[in-house]
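Colleague: Sequence order for the protein chains is U and D. As numbered in numbering that gives the first Met the number 0, residues 0 to 286 make up the first sequence, in order. As numbered in numbering that gives the first Met the number 0, residues 0 to 267 make up the second sequence, in order.
Treat the hints with caution; some may be incorrect.
Only some residues are given here: those of chain D computed to face chain U with a beta carbon under 10 angstroms [claimed, not checked]:
hint, residue
1, Y12
2, F17
3, M245
4, T246
5, I257
Read the hints as simulated data drawn from the structure, not as lab findings. Just so it is clear, CB atoms sit at the ideal spot from N, CA and C, and this is done for glycine as well.
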Amino acid sequence: MTAAPARSRAVTALLVAPAAVFFVFLLIVPLMVVVVFSFGERAPAGGYSPAFTFDNYLNLAARGKAFVNTLTLAPLATLLTAIFAFPMAYFLAVKVDPKWRVMLLVLVMAPFWTSQLLRYYAWIMLLGGKGIPAWLAYIGIADVRIINTPWAVLIGAVYGFLPLMVPPIYVSLEKLDKRLLEASADLGATPIRTFFQVTLPLALPGVATGSMLVFILLMGDYILPQYLGGGKVFFIGNALVDLFLQSRNWPFGAAVSVALVAIMFVTIFFYMRFVLGKTGTRRAALV
Amino acid sequence: MRLYAILIYIFLYAPIAFIVGGSFNAGKQAMIWQGFSLEWYGKAFSNPLITEALTTSLMIALTTATLSAIIGTLAALGLERMSGWLRHVFDALIYIAILVPGIVIGISTLIAFVSFFDMINPYLITAWNIRIEMGAWMVIAAHVLFNIAVVALLVRARLQGMDRSLVEASEDLYATPLGTFRQVVLPLLAPSILAGFLLAFTFSFEDFIIAYFVAGPDVTLPIYVFSSIRRGITPEINAVGTVVLMTSLVLLVLAQVILQRGSRTLKT
Chain U
0 MTAAPARSRA VTALLVAPAA VFFVFLLIVP LMVVVVFSFG ERAPAGGYSP
50 AFTFDNYLNL AARGKAFVNT LTLAPLATLL TAIFAFPMAY FLAVKVDPKW
100 RVMLLVLVMA PFWTSQLLRY YAWIMLLGGK GIPAWLAYIG IADVRIINTP
150 WAVLIGAVYG FLPLMVPPIY VSLEKLDKRL LEASADLGAT PIRTFFQVTL
200 PLALPGVATG SMLVFILLMG DYILPQYLGG GKVFFIGNAL VDLFLQSRNW
250 PFGAAVSVAL VAIMFVTIFF YMRFVLGKTG TRRAALV
Chain D
0 MRLYAILIYI FLYAPIAFIV GGSFNAGKQA MIWQGFSLEW YGKAFSNPLI
50 TEALTTSLMI ALTTATLSAI IGTLAALGLE RMSGWLRHVF DALIYIAILV
100 PGIVIGISTL IAFVSFFDMI NPYLITAWNI RIEMGAWMVI AAHVLFNIAV
150 VALLVRARLQ GMDRSLVEAS EDLYATPLGT FRQVVLPLLA PSILAGFLLA
200 FTFSFEDFII AYFVAGPDVT LPIYVFSSIR RGITPEINAV GTVVLMTSLV
250 LLVLAQVILQ RGSRTLKT
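Assemble the whole structure, with the sequences as input and the hints as a guide.
Modeller: Following this line, the structure appears as structure tokens:
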């Protein structure tokens, strides 16, 4: 071995070393600790005491409601968000004057990046007794309850994640060759048929990327169900906060965490395979 | 179509208008307008709890963004030079860091480090009479972990889009590797590094759930907002929220403009 490659290798090692330290000590080791703890027992005063038992996993059904809520509402909310985001992305990518496109897109994205807690809090007010239900009662539709129902969580999810769903769909629609739409029309296809046979299939990679992003964030969400579900519609995230910060049952909480991550990775794995099979692309825009 | 878009903007900005409106409301009741007033801004910024939380959050976000931008960029550069299984391991780690939910990052950091500190604190106390605890620095560490991954992805995407011939030209002109890096590579990467910096800053400034687990006795702004919402919010919080909102809107537009410029220089 000559000196040059050895030196080059040393440079490479130095470049990645700081990142490696973070990955090892703040990701791998802590995640391993979670796995180890998930086989332990709750210490009498809370926390962890060493043991080897599967009880925590066998006991997962005790938090079954959180899993059921998360696994039904997260996919449903993702689907709804995609449905509401698509026309918006289409409008921005196809209908709007190119001069204004980026500005209008940034305006869609901006809310996601700011004051999340306060924005959901505002929805508590808007959906609560003195908000929209009161206005509905005024026009004659009385006794509508939205807050603390699955509906509130769904509305909140569409509101919260639309800013993340629109950009990837926008990107895939913007690249779409408009001549394909004209060709389809020239060949006598109705606009609806053109949409389902040309536009939608070509925009699918964007929909897939956006949906995955939103799904991942929803699966681990805490604030949205906490505020808009009001403790009645709760997710795995709420169960975790309760287990770690209130009842301090670390081993059981660890088992719930392991289950959450496992479910996520399995879902993402199959989803990716399905999407790759459908669209044949591998692009994943993360921001 | 246009009507739909307008409705979506109203949907997205109604709660924000609600916050901004609340901050200028003279009364304390959220749903009742009692005249225009700036008093909540004065109250908010003379409330030591709020200013302290704001300072803590700014400190955490700035440190996180700086560290993530540097370490993430270095990692992206290193990864480009790596090959084989080690590179795959690193790629996998980057995706794991991004995919694992924030709440699990918070939990795992909490239980791993609390257990570790419990283990070593007795020795530290007998030896030097000090002890280590969770706190703002743990929040920074956990935020940096996530944002290294984000910055590395951003910078690497740009490295791969970069014209190799520029580097070769620089080498042909007898520039040292470091010179090439400083004068050719770094300026080309600058937009994505800056965008990564801004993303890391906003992420860190906004994060509630990780900080909630690992901040120990320290209070960040989102933690303060969370606890005051629990106690019953005052318009003070709306005032702070409005300031934060405007600041991040400006930062976000700025990041977008920078990225746009950047991709244009890359093409020419």
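Colleague: Each hint needs a verdict: does it hold in this structure or not?
Modeller: Quick rundown of the hints versus the structure:
Restraint check, D:Y12 versus chain U: the minimum CB separation of about 7 angstroms is within 10 angstroms; hint holds. With 10 angstroms as the threshold, the beta carbon of D:F17 comes within range of chain U, its nearest partner Cβ sitting at about 4 angstroms, so the hint holds. For D:M245, the shortest C-beta to C-beta distance to chain U is roughly 9 angstroms, which falls under 10 angstroms, so the interface hint holds. The beta carbon of D:T246 comes within 8 angstroms of a beta carbon in chain U, closer than 10 angstroms, and the hint placing it at the interface holds.
Because the smallest distance between the Cβ of D:I257 and any Cβ of chain U comes to about 12 angstroms, over 10 angstroms, the interface hint for this residue is violated.
Hint 5 from the earlier list is the only one contradicted by this structure; the remaining hints agree with it.
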